[in-house]
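> Now for the letters of each chain:
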Amino acid sequence: AQSVSQHNHHVILSEAASLELGCNYSYGGTVNLFWYVQYPGQHLQLLLKYFSGDPLVKGIKGFEAEFIKSKFSFNLRKPSVQWSDTAEYFCAVNAGNYGGATNKLIFGTGTLLAVQP
Amino acid sequence: DTEVTQTPKHLVMGMTNKKSLKCEQHMGHRAMYWYKQKAKKPPELMFVYSYEKLSINESVPSRFSPECPNSSLLNLHLHALQPEDSALYLCASSQEGYGGGPMVGQETQYFGPGTRLLVL
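Those protein sequence lines, which keep their order, are chains X and H. In the numbering used here, each number is its position in the first sequence, counted from 1, plus 1295. In the numbering used here, each number is its position in the second sequence, counted from 1, plus 2.
Hints are computed from structural coordinates only; laboratory data are not their basis. Nothing here was measured: the structure is a model prediction, and the numbers come from that model. Check each hint, because a few of them may be wrong.
Stated by the list, open to error - Beta-carbon label-pair distances, calculated as ranges:
id	chain 1	residue 1	chain 2	residue 2	range
1	H	29	X	1356	29 to 37 angstroms
2	H	74	X	1379	49 to 57 angstroms
3	X	1353	H	81	40 to 48 angstroms
4	H	10	X	1359	36 to 44 angstroms
5	H	85	X	1306	38 to 46 angstroms
6	H	75	X	1356	29 to 37 angstroms
7	X	1310	H	17	42 to 50 angstroms
8	X	1350	H	12	17 to 25 angstroms
9	H	86	X	1347	27 to 35 angstroms
10	H	82	X	1377	21 to 29 angstroms
11	X	1300	H	63	23 to 31 angstroms
As the list claims (entries may be wrong) - A short list of chain H residues far from chain X (calculated; beta carbon distances all over 10 angstroms):
id	residue
12	14
13	30
14	42
15	45
16	54
17	62
18	74
19	75
20	81
21	84
22	92
23	108
24	110
25	111
26	113
27	122
What the hints assert, rightly or not - Partner residues are not named here, just some residues of chain X that face chain H (Cβ under 10 angstroms, in silico):
id	residue
28	1303
29	1304
30	1306
31	1307
32	1319
33	1325
34	1329
35	1335
36	1338
37	1347
38	1352
39	1367
40	1400
Beta carbons are placed, not taken as given, at the ideal position from N, Cα and C, and that holds for glycine.
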């Protein structure tokens, strides 16, 4: 069964600090990887996604993530965080549909990021 | 327009009540989803509809009954719920769902703001 691990449950940073949030998944086949963000009082929205090709993907608001297949990881990074980045971040994996109805997005437990001004 | 709307925003119900949650999207998406999110937990998939047909039921208790009247609407009918069913219920939609073949797992799911349900 697929699973997603986010080891950092809470992260506190000062503005302008660099951010890296860890995400590891367990699935032996081809996966599609996502990072979603949930700002306080708002709905989940997509930050970025990876399917294939260049393992370094860029998303909105200056975020990027690197897919490392050998490590089953898809870590999220941002060189310099802002107070407005305070939110909960979810990594998710979808093994897609290969002949069956398996379109299932599985979320990690989330990382709560607090950026102090 | 990438908006998924959900009503009501908040719902309080007793264990003997019957209520319904509603979700709507006008993006022309053919797949719609219900997720349940407990406090401090990630969203967990409940149901997937693709082309108005139920394609995934994640062993959800029968007191939750989904309905997809058309490609834009998704309902979740609630009956005889338990206090442990209190949670945020999220609706999402994506382009094709199951009907999109192997590429479906690459689809972005667009989420609504959720309905916060309290069962007394």
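> Taking the hints in turn, state whether each one holds.
Going through the hints against the structure:
The supplied range of 29 to 37 angstroms is broken by residue 29(H) and residue 1356(X), whose beta-carbon atoms lie about 22 angstroms from each other. Taking the beta carbon of each, residue 74(H) and residue 1379(X) are about 33 angstroms apart, not inside 49 to 57 angstroms as hinted. Checking the proposed 40 to 48 angstroms range against residue 1353(X) and residue 81(H) shows it holds: the Cβ atoms sit about 46 angstroms from each other. Against the hinted window of 36 to 44 angstroms, the Cβ-Cβ separation of residue 10(H) and residue 1359(X) comes to about 38 angstroms, which satisfies the hint.
Restraint check, residue 85(H) to residue 1306(X): a C-beta distance of roughly 32 angstroms breaks the suggested window 38 to 46 angstroms. About 32 angstroms separates the C-beta atoms of residue 75(H) and residue 1356(X), a value consistent with the hinted range of 29 to 37 angstroms. For residue 1310(X) and residue 17(H), the Cβ-Cβ distance of about 47 angstroms falls inside the hinted range of 42 to 50 angstroms, so the restraint holds. For residue 1350(X) and residue 12(H), the Cβ-Cβ distance of about 42 angstroms falls outside the hinted range of 17 to 25 angstroms, so the restraint is violated.
Here the CB-CB span from residue 86(H) to residue 1347(X) is close to 40 angstroms, at odds with the stated 27 to 35 angstroms. For residue 82(H) paired with residue 1377(X), a C-beta distance near 47 angstroms fails the hint of 21 to 29 angstroms. Restraint check, residue 1300(X) to residue 63(H): a C-beta distance of roughly 28 angstroms satisfies the suggested window 23 to 31 angstroms. Remark: the non-interface label on residue 14(H) is consistent with the geometry, its nearest Cβ contact in chain X lying 20 angstroms away (cut-off 10 angstroms).
Distance to chain X confirms residue 30(H) as a non-interface residue, since its nearest Cβ pair spans about 18 angstroms, more than 10 angstroms. Remark: the non-interface label on residue 42(H) conflicts with the geometry, its nearest Cβ contact in chain X lying 8 angstroms away (cut-off 10 angstroms). The Cβ of residue 45(H) sits about 5 angstroms from the closest Cβ of chain X, inside the 10 angstroms cut-off, so the non-interface label is violated. The Cβ of residue 54(H) sits about 14 angstroms from the closest Cβ of chain X, beyond the 10 angstroms cut-off, so the non-interface label holds.
Remark: the non-interface label on residue 62(H) is consistent with the geometry, its nearest Cβ contact in chain X lying 13 angstroms away (cut-off 10 angstroms). Every beta carbon of chain X lies more than 10 angstroms from that of residue 74(H), the smallest distance being close to 18 angstroms; the non-interface claim holds. Against the 10 angstroms criterion, residue 75(H) stays outside the reach of chain X, whose nearest CB is about 18 angstroms from its own CB. Under the 10 angstroms C-beta cut-off, the non-interface status given to residue 81(H) relative to chain X holds; the minimum distance is some 26 angstroms.
Residue 84(H), annotated as away from the interface, keeps every beta carbon of chain X farther than 10 angstroms; the closest lies near 23 angstroms. Not every CB of chain X lies more than 10 angstroms from the CB of residue 92(H), the least distance being 7 angstroms, so the non-interface label is violated. Listed as outside the interface, residue 108(H) is inconsistent with that label: its C-beta sits roughly 5 angstroms from the nearest C-beta of chain X, within the 10 angstroms cut-off. Distance to chain X contradicts residue 110(H) as a non-interface residue, since its nearest Cβ pair spans about 5 angstroms, not more than 10 angstroms.
Chain X draws residue 111(H) into its interface by the beta-carbon criterion, the shortest separation being 6 angstroms against a cut-off of 10 angstroms. Not every Cβ of chain X is farther than 10 angstroms from the Cβ of residue 113(H); the closest lies at roughly 4 angstroms, contradicting the non-interface assignment. Its beta-carbon lying about 24 angstroms from the closest one in chain X, residue 122(H) satisfies the requirement of being farther than 10 angstroms from that chain. Proximity of residue 1303(X) to chain H is violated relative to the hint, the smallest CB-CB distance being about 14 angstroms (cut-off 10 angstroms).
At a threshold of 10 angstroms, the smallest CB-CB gap from residue 1304(X) to chain H is about 9 angstroms, leaving the interface hint in force. Using the Cβ-Cβ criterion of 10 angstroms, the hint placing residue 1306(X) at the interface with chain H is not satisfied: the shortest such distance is roughly 15 angstroms. The interface hint given for residue 1307(X) is broken, as the beta carbon of that residue sits about 17 angstroms from the closest beta carbon of chain H, more than 10 angstroms. Hint status for residue 1319(X) relative to chain H: violated, with the closest Cβ pair at about 15 angstroms, above 10 angstroms.
Below 10 angstroms, beta-carbon pairs count as interface contacts, and residue 1325(X) has one with chain H at about 8 angstroms; its hint therefore holds. Because the closest C-beta pair between residue 1329(X) and chain H is about 8 angstroms apart, less than 10 angstroms, the hint holds. Checking residue 1335(X) against chain H: minimum C-beta separation of about 12 angstroms lies over 10 angstroms; hint violated. For residue 1338(X), the suggested interface contact is upheld, since its CB lies about 4 angstroms from the closest CB of chain H, less than 10 angstroms.
This hint holds: residue 1347(X) has a C-beta 9 angstroms from the nearest C-beta of chain H, less than the 10 angstroms allowed. Evaluation of the residue 1352(X) hint against chain H yields a violated restraint, the C-beta minimum of about 12 angstroms exceeding 10 angstroms. About 17 angstroms separates the beta-carbon of residue 1367(X) from the nearest beta-carbon of chain H, more than 10 angstroms, and the hint is not met. Checking residue 1400(X) against chain H: minimum C-beta separation of about 6 angstroms stays under 10 angstroms; hint holds.
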